[in-house]
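J.: Construct all of the structure, not just a fragment, from the sequences and the given hints.
2 protein chains.
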Amino acid sequence: MGVTIADIAKEAGVSISTVSRVINNTKPVSPKLRERVYQVIEKNHFAPNTLAQGLITKKTNIVGVIVPDISNAVFGALTKGINSVCSRKGYTIMVCESGGELERELSLLHILEERQIDGVLFAGVNVNQKLIETMQKKAYPVVLVTQESSVQGEVIDTVTHDNIQAIYDVVLFLHENGHERIAYLGGLEYDFSSGQKRLKGYRKALRELKISVPSSYIEQVQFSFQGGYEGMKRIYEENSVLPTAVVTGSDLIAIGAIQFLNGQGVQVPEEISVIGFDDLDFATYFRPELSTVRIPYFKEGEAAAEELLKYMSGSKPKASTHYIPHKIIRRGTVKVLK
Amino acid sequence: MGVTIADIAKEAGVSISTVSRVINNTKPVSPKLRERVYQVIEKNHFAPNTLAQGLITKKTNIVGVIVPDISNAVFGALTKGINSVCSRKGYTIMVCESGGELERELSLLHILEERQIDGVLFAGVNVNQKLIETMQKKAYPVVLVTQESSVQGEVIDTVTHDNIQAIYDVVLFLHENGHERIAYLGGLEYDFSSGQKRLKGYRKALRELKISVPSSYIEQVQFSFQGGYEGMKRIYEENSVLPTAVVTGSDLIAIGAIQFLNGQGVQVPEEISVIGFDDLDFATYFRPELSTVRIPYFKEGEAAAEELLKYMSGSKPKASTHYIPHKIIRRGTVKVLK
DNA sequence: TTGTACGCGTTATCAC
DNA sequence: GTGATAACGCGTACAA
Numbered sequence: 001m002g003v004t005i006a007d008i009a010k011e012a013g014v015s016i017s018t019v020s021r022v023i024n025n026t027k028p029v030s031p032k033l034r035e036r037v038y039q040v041i042e043k044n045h046f047a048p049n050t051l052a053q054g055l056i057t058k059k060t061n062i063v064g065v066i067v068p069d070i071s072n073a074v075f076g077a078l079t080k081g082i083n084s085v086c087s088r089k090g091y092t093i094m095v096c097e098s099g100g101e102l103e104r105e106l107s108l109l110h111i112l113e114e115r116q117i118d119g120v121l122f123a124g125v126n127v128n129q130k131l132i133e134t135m136q137k138k139a140y141p142v143v144l145v146t147q148e149s150s151v152q153g154e155v156i157d158t159v160t161h162d163n164i165q166a167i168y169d170v171v172l173f174l175h176e177n178g179h180e181r182i183a184y185l186g187g188l189e190y191d192f193s194s195g196q197k198r199l200k201g202y203r204k205a206l207r208e209l210k211i212s213v214p215s216s217y218i219e220q221v222q223f224s225f226q227g228g229y230e231g232m233k234r235i236y237e238e239n240s241v242l243p244t245a246v247v248t249g250s251d252l253i254a255i256g257a258i259q260f261l262n263g264q265g266v267q268v269p270e271e272i273s274v275i276g277f278d279d280l281d282f283a284t285y286f287r288p289e290l291s292t293v294r295i296p297y298f299k300e301g302e303a304a305a306e307e308l309l310k311y312m313s314g315s316k317p318k319a320s321t322h323y324i325p326h327k328i329i330r331r332g333t334v335k336v337l338k
Numbered sequence: 001m002g003v004t005i006a007d008i009a010k011e012a013g014v015s016i017s018t019v020s021r022v023i024n025n026t027k028p029v030s031p032k033l034r035e036r037v038y039q040v041i042e043k044n045h046f047a048p049n050t051l052a053q054g055l056i057t058k059k060t061n062i063v064g065v066i067v068p069d070i071s072n073a074v075f076g077a078l079t080k081g082i083n084s085v086c087s088r089k090g091y092t093i094m095v096c097e098s099g100g101e102l103e104r105e106l107s108l109l110h111i112l113e114e115r116q117i118d119g120v121l122f123a124g125v126n127v128n129q130k131l132i133e134t135m136q137k138k139a140y141p142v143v144l145v146t147q148e149s150s151v152q153g154e155v156i157d158t159v160t161h162d163n164i165q166a167i168y169d170v171v172l173f174l175h176e177n178g179h180e181r182i183a184y185l186g187g188l189e190y191d192f193s194s195g196q197k198r199l200k201g202y203r204k205a206l207r208e209l210k211i212s213v214p215s216s217y218i219e220q221v222q223f224s225f226q227g228g229y230e231g232m233k234r235i236y237e238e239n240s241v242l243p244t245a246v247v248t249g250s251d252l253i254a255i256g257a258i259q260f261l262n263g264q265g266v267q268v269p270e271e272i273s274v275i276g277f278d279d280l281d282f283a284t285y286f287r288p289e290l291s292t293v294r295i296p297y298f299k300e301g302e303a304a305a306e307e308l309l310k311y312m313s314g315s316k317p318k319a320s321t322h323y324i325p326h327k328i329i330r331r332g333t334v335k336v337l338k
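Each protein sequence line maps, in turn, to chains A and B. For the first sequence, position 236 matches number 236 in the UniProt record's numbering, and the numbering has no gaps at all. For the second sequence, position 290 matches number 290 in the UniProt record's numbering, and the numbering has no gaps at all.
These are computed hints drawn from the structure, not numbers from a lab. Everything hinted at is true.
Identical copies look the same in the list; a pair holds intra-copy or inter-copy alike.
Calculated lysine-lysine pairs in the DSSO-like style (CA-CA distance at most 30 Å, straight line):
| # | residue 1 | residue 2 |
| --- | --- | --- |
| 1 | K233 | K210 |
| 2 | K316 | K43 |
| 3 | K138 | K58 |
| 4 | K137 | K43 |
| 5 | K10 | K27 |
| 6 | K204 | K233 |
| 7 | K130 | K200 |
| 8 | K89 | K58 |
| 9 | K89 | K59 |
| 10 | K137 | K318 |
| 11 | K32 | K138 |
T.: Dropping the structure here:
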């Protein structure tokens, strides 16, 4: 094992440069030599050592991907989209899991640097000043995906969706459908894009609609079924006047909330409407089917990868934020009030 | 950018060997020098080039992971488990998606070889002779995970669950609960472990129980909600005497089947019992909750990674198959007949 | 069109 | 305990 370019060269009776040339067809090689070299390569199952190549070319064709949770459906779709364009363009992805912890994120950024990867797609839960500075010191370009930086200004290239606008749109949508008492059941403050920003969109919409709600209409929970269940429980128990609609921060939260309500004998959407966020596959597996706002994570992954690749191929674009359009999907869990 | 070990050496006023030694602490270095070198490393944010390291040590600390579908929940959990032990032991994973296509699988095996990865965890959909031969020619060890080889004999190290036994157990479980007319709604034949073997377990159980069913009780479909829906539709339409229970090949198939039945006004489990496979998170999000057989994919990923790491550290174990225990989970979709 | 020789950044072997 | 120096496998000026 470990047949090298030199072995091939010797066996084919040519120089190593010639072998190199047929491998990368970087310079013309006569047909006969080319053919002879190919023969020997095939015969020996020769595979060029990309480490050695990378050492010289300063290019590994590896893209790092950092996500909080590998098994989360959102990041699954995102990673699939990323890999879709990366693999098509000859890149392999290196997937890392941060658990959403700052320390781990910093550490991974460092590990990927050591590995000489060509670029990083980073889904950071809270991209603060420290993280930004760290990334800017790195030799590789980074584009944020699905999450935005919590630092003021467009400090880093980003491909995501507009969390504020999305929830804003949802509230307006509910309002247009006759709802006034609208509660919010979203993610934790710690998650900048998916927690803070969505809540911001909710508040903004209510403000513009001149609707005011008790603080007990707002719950921030884990992005999970359990979180939705418990958050809904609290809203239910702490309010004598229940909301007619609940905006949630994810489909999982929505399902959990509905489950709690059903357990209390509260009908969805007859008595309370619930709307999700993400539009994961399973949103249509329930009855009634879940109304939600669709975030095209696969597309987002593709777009982010393309952005990064463009970035890597020299044309360093100024840091800007690209929003992939979302869409409200009306299904069965939102009732029209007159 | 691109500060090297030589830069550090010069600035610290030592030789590059000394720098190398403090980095890997492979040989004693006097405290003062060690400290001085650390200072310079910190100051310059030096990160050793792993390509150069790998070129010499013949070790990249990278583990390749090949799965059919990145965004599939099963492979998400599996990958998470794999990454869990890999990252703990200093390995980074390179995730590749094969789409379940043989050609792509072969190609990925080759790409990973070029990248000098230290080992591969392979979830192949149908690991045939050709694949086996290819893997045996590679310089790195491979362990099959979640899927078994379709070649006779234990030709390659494997960590998975016992698909035959699991479905066998399910049929017996249903039988113990009073069911006799048991249908099968599983995956396609093409998928060796999850398609063929599960069907085999079903047939084996029926044989031993001396139960015979019409061929219209057996449907092989895509591993999806849609597949389950349509397969159930066919079973429903093609049989005047319906089964009292349906064994399925996945939770998704089960949910699809239940959805179809509910649409026809058939109650689950009152009229027909349905049991899933996998025990994905969402199995408990439905009402009634889905009865199923739990396959601990996260654990399986961990076990496979540990097996591979052991393999890589020299002790080449003879090719054997390790089964992670499954467990039948009784919830709400299986009725007890007397 | 082809071959020679150097260098990529690191580890390992060998002297000191 | 420390420092030269030869690999590792490849790409690429440069020479032929």
